[in-house]
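Asker: Please build the complete structure, drawing on both the sequences and the hints.
Protein sequence lines correspond, in order, to chains A and B.
Going by my numbering, the first residue of the first sequence is number 10, and it counts up by one from there.
Going by my numbering, the first residue of the second sequence is number 10, and it counts up by one from there.
Source of the hints: derived by calculation from the structure; they are not laboratory data.
A hint or two may mislead.
[What the hints assert, rightly or not] Which chain A residues face chain B? A few, computed with CB under 8 Å, are given here:
hint, residue
1, Pro32
2, Phe56
3, Phe116
4, Ser281
5, Lys292
6, Gly394
7, Ala395
8, Gln429
9, Asn468
10, Thr477
11, Pro478
[As the list claims (entries may be wrong)] Which bits of chain A does chain B cover? Going by a derived footprint, with three or more residues having C-beta under 8 Å, they are:
hint, region
12, 82 to 92
13, 104 to 114
14, 120 to 133
15, 365 to 376
16, 412 to 426
17, 432 to 446
[Claimed, not checked] Residues from chain B that keep clear of chain A, each with C-beta distances beyond 12 Å, as calculated:
hint, residue
18, Gly251
19, Leu266
20, Gln315
21, Pro327
22, Met329
23, Ala331
24, Glu337
25, Gly462
26, Thr498
27, Arg513
28, Met521
Note that beta-carbon positions come from the ideal geometry of N, C-alpha and C, so glycine has one too.
Protein chains: 2
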Amino acid sequence: MNGAESLVRTLVQSGVSVCFANPGTSEMHFVAALDKAPGMRAVLGLFEGVVTGMADGYGRLAGRPAATLLHLGTGLANGLANLHNARRAATPVVNIVGDHTRAHLQFNSPFISDVAAIARPFSDWVHTAESSLTLAADGARAVTAAQGPPGRIATLVVPADAAWNDAEAPATAPPRAAPRPVPESTIERIATQLGSTRHSALLLRGDAATARGVSAAGRIAARTGARLLSERLTPRLQRGAGRVRIEQIPYRVEDALESLRALELLILVSSSPPVSTFAYPGKPSWYLPAGCSLAQLAQPEEDAEQALEALAARLKSPDMPAGLVRLELPDLPRGALDQFTLGACIARHLPEGAILVDEGVTNSPGTFRATETAAPHDYFSNSGGALGQGLPLAAGAAVGAPERKVVCLQADGGAMYSVQSLWTLAREQLDVTVVIISNRAYAILQMELARVGATMGANARALLDLATPELSWTRLAQGMGVEASRADTAEQFDAQFSDAVRRRGPRLIEAMIQPRA
Amino acid sequence: MNGAESLVRTLVQSGVSVCFANPGTSEMHFVAALDKAPGMRAVLGLFEGVVTGMADGYGRLAGRPAATLLHLGTGLANGLANLHNARRAATPVVNIVGDHTRAHLQFNSPFISDVAAIARPFSDWVHTAESSLTLAADGARAVTAAQGPPGRIATLVVPADAAWNDAEAPATAPPRAAPRPVPESTIERIATQLGSTRHSALLLRGDAATARGVSAAGRIAARTGARLLSERLTPRLQRGAGRVRIEQIPYRVEDALESLRALELLILVSSSPPVSTFAYPGKPSWYLPAGCSLAQLAQPEEDAEQALEALAARLKSPDMPAGLVRLELPDLPRGALDQFTLGACIARHLPEGAILVDEGVTNSPGTFRATETAAPHDYFSNSGGALGQGLPLAAGAAVGAPERKVVCLQADGGAMYSVQSLWTLAREQLDVTVVIISNRAYAILQMELARVGATMGANARALLDLATPELSWTRLAQGMGVEASRADTAEQFDAQFSDAVRRRGPRLIEAMIQPRA
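Answerer: Right under this line is the structure:
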């Protein structure tokens, strides 16, 4: 067996069973090995940002890493933005990046770049394989590094000769380590703090925002009156009917400050202190009011669910959580399609157990609010701010959970960054309903431009307006083999969306949004 | 005036008059400044790889830099692959990359990444502005760094507060330094070497491969019998009728070695020694035969045209160059569309002074050969091997030379990496005829897979075959506002292509290629 085959077998034996890929010449031995070693599903993306975004969606759901297969430093570069997002979501990902043979690197081939240096700013672990003989062990270490806890980005650079030379046996990574339990003393201390504070809140993220985690948090709230918070950019939130309601910290600095104004104690659960995404002249980045105490119930590598349950027990919380949501579905909205009527339609038909992927940007809130009382679902949002995450995240989640419906709420501007994802939806016949929110603008930037006190001159319009020419999302989708339709009214959208989620397979609906008067 | 305005004015005063952009919140002051300071054209790309690729096409043609405007480390990351290509082409580019304020970087905002570290592997010059007061001077230094000679990638990171705080006057970069003349002694030495060697060749690249450069090289060939060579990946070649014929070193290692087997002396003119793009087991990377001497007539920062003319004069070369090409146009081909019939049609109708951008990959040679005797034109190829360069290169060239027709020969696989370019063609009504070579495969990788001795198993097919589903390029183009048609035969293609090049504005033809029997 050659190095490539030893690596593929190592990955499979270590629990990595999907490889999202966009290979090139230097990866051909790995591609050949995918056919020699059974157990790995190969999924092609026609652009590397699609590949890494799919690995995020898969890993965020599965809690174990997929592999990516990327071509040289430039192929890796194309995937970096979604690796940034995955890293901010603490998603486990193992990147396999092919490189030239070490002997070839002395020559000035135009394809050469410094792969490890390119990987480093977006990876928690980077290693360049020294030899085909150690490649299996390197692969096992990469899996160990990726699976954490919490999930990490591990990048293994594989020179072509390490892939094609002879290797020994494959290796196996040890099973993922269990998250560390939170010490009793921490539970004790935070229970005391909570008992003596009037205005407290828990900020839940990642592993704390599961159904189990929010249920325990709801019990704590029932006992102490603490608010339950999450951030707009949150990797995963289990919500909807039968779950506990979580408040979202608003996006605008002014609104966020107002929302947190009275807070005296904030308890971080797998989260960081809330700050503004961007800084603005004369406005604070730090959201907490002066004098607000901070406590950390669980670090990202600790067991947040167990800590929340232990804290609930320590506080003698009731069994019934506060903020438990009952199923409430809106009536069929009528007339113009805006983010609120759109959200109502989505809430009406969202299937139980669906995964709702949200890169709706300025038009997210309408759906986020309406689905609060919809059927229970997983909510994935853009976690690191780099646009173009929604579509591949949805595709990857659908690969990871073929039995669940994935609904992708995707703004048109952001959709273009990884538009190639639609082809993979068709190729793999993934069960994803894509809702493109077509507002023909970088609306968030028009808002931000107004905030800097500027009016739209000719150049600003040239950079922030997407109306000339209009993108036709039905044509783009059909061009990549995805069935598509266009909705201009709430009634049309409701009918198309309800049809799409009842059937299986990929489907795109272009929702022509009108700004609310 | 704030820092952003001082920077825009500095760029304009320093001769930078186009800004290819995909801005975000941190760049809004720069966007506002584009409307306050006259003289800069703003061109939007819906993905950053389009933005940097356009800057390459513009700079490669104009010989002076365009600016790019990119959003944070992740926006820059999306543009890196085409910066790699631009750097390999020695194209001058000034990247303006917005970042958070320095005060904000202490917080763990999800949008934060290490912008300078991301820029470094693909930039020749990187600087993070310290203050709004020095931003103008930084901008002038960036232009100086970019314009070389030779052209370089300069990346200026602009923290938001450097953009929004008060600034003084703009600055002006000094005019581009003239390329250094090649010393007499070098000319003398190489003339002597050429005089005493039977099998010699000149390898021309970049500034040596202009009409003037190849004409002087042709005179040297007439006198000495030297072969004139270029590489497949070459940033610019002025060729066609009235110019001098240049041989292309073949892509396959075996063919390249055979082609150069007899060589005793290779003279590099703005070029590096020829090597294989990839290494293969048991095959050499170095293309030159044992005992072949190397001489460097011009370094990239030296005046290659002047050196070639001085060498021609020193050798007392005749005025008439060897290999002068006469206009010869093929007859209308009939029947199936393959790379050769396609190339014949393109050659028949290629307008004089056209810019032919080639990312045809496996299907390039048919057009390259047929256009050798076509009307004189500029030929731009992918310079660094990262796919997705063709479409944005064509768009950028069209921005730089609105009076010239641009023809983009683009393979379908590569086209998907920067498919968003089509929207900018429509937005700016650029005069580009795009020929998509639709072979529904990563054909070059199927060839490379066969070279590693593997057959196409299910996983290899899943990664290298693009036929399921088929991409419809007419729909994709129409979805982005570009008029499009599909050609299944040579006659159809000829009619559509001749129509497209006679009219102005963007147009796409999907050429359904059949592999030649």
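Asker: All the hints need checking, so say for each whether the structure fits it.
Answerer: Hints and how they fare:
1. Pro32: holds (6 Å)
2. Phe56: Since the shortest Cβ distance to chain B is 5 Å, the answer is holds.
3. Phe116: holds (4 Å)
4. Ser281: This hint holds: A/Ser281 lies near chain B, its Cβ roughly 5 Å from the closest one there, short of 8 Å.
5. Lys292: violated (10 Å)
6. Gly394: For A/Gly394, the interface hint holds, since the closest Cβ of chain B sits about 4 Å away, which is under 8 Å.
7. Ala395: Since the shortest Cβ distance to chain B is 4 Å, the answer is holds.
8. Gln429: holds (5 Å)
9. Asn468: Result: holds, 4 Å to nearest chain B Cβ.
10. Thr477: holds (6 Å)
11. Pro478: holds (3 Å)
12. 82 to 92: Per the Cβ count (7), the hint holds.
13. 104 to 114: Three-residue rule met by the region 104 to 114 of chain A, so holds; n is 4.
14. 120 to 133: With 8 residues close enough to chain B, the hint holds.
15. 365 to 376: violated (count 0)
16. 412 to 426: holds (count 3)
17. 432 to 446: holds (count 3)
18. Gly251: holds (29 Å)
19. Leu266: B/Leu266 clear of chain A: closest Cβ-Cβ about 14 Å, beyond 12 Å.
20. Gln315: B/Gln315 clear of chain A: closest Cβ-Cβ about 24 Å, beyond 12 Å.
21. Pro327: Per Cβ check, B/Pro327 is outside 12 Å of chain A; nearest 34 Å; holds.
22. Met329: About 34 Å separates B/Met329 from the closest Cβ of chain A, which puts it past 12 Å; holds.
23. Ala331: holds (28 Å)
24. Glu337: holds (31 Å)
25. Gly462: violated (8 Å)
26. Thr498: holds (22 Å)
27. Arg513: About 16 Å separates B/Arg513 from the closest Cβ of chain A, which puts it past 12 Å; holds.
28. Met521: Since the minimum Cβ distance to chain A is about 15 Å, B/Met521 lies beyond 12 Å and the statement holds.
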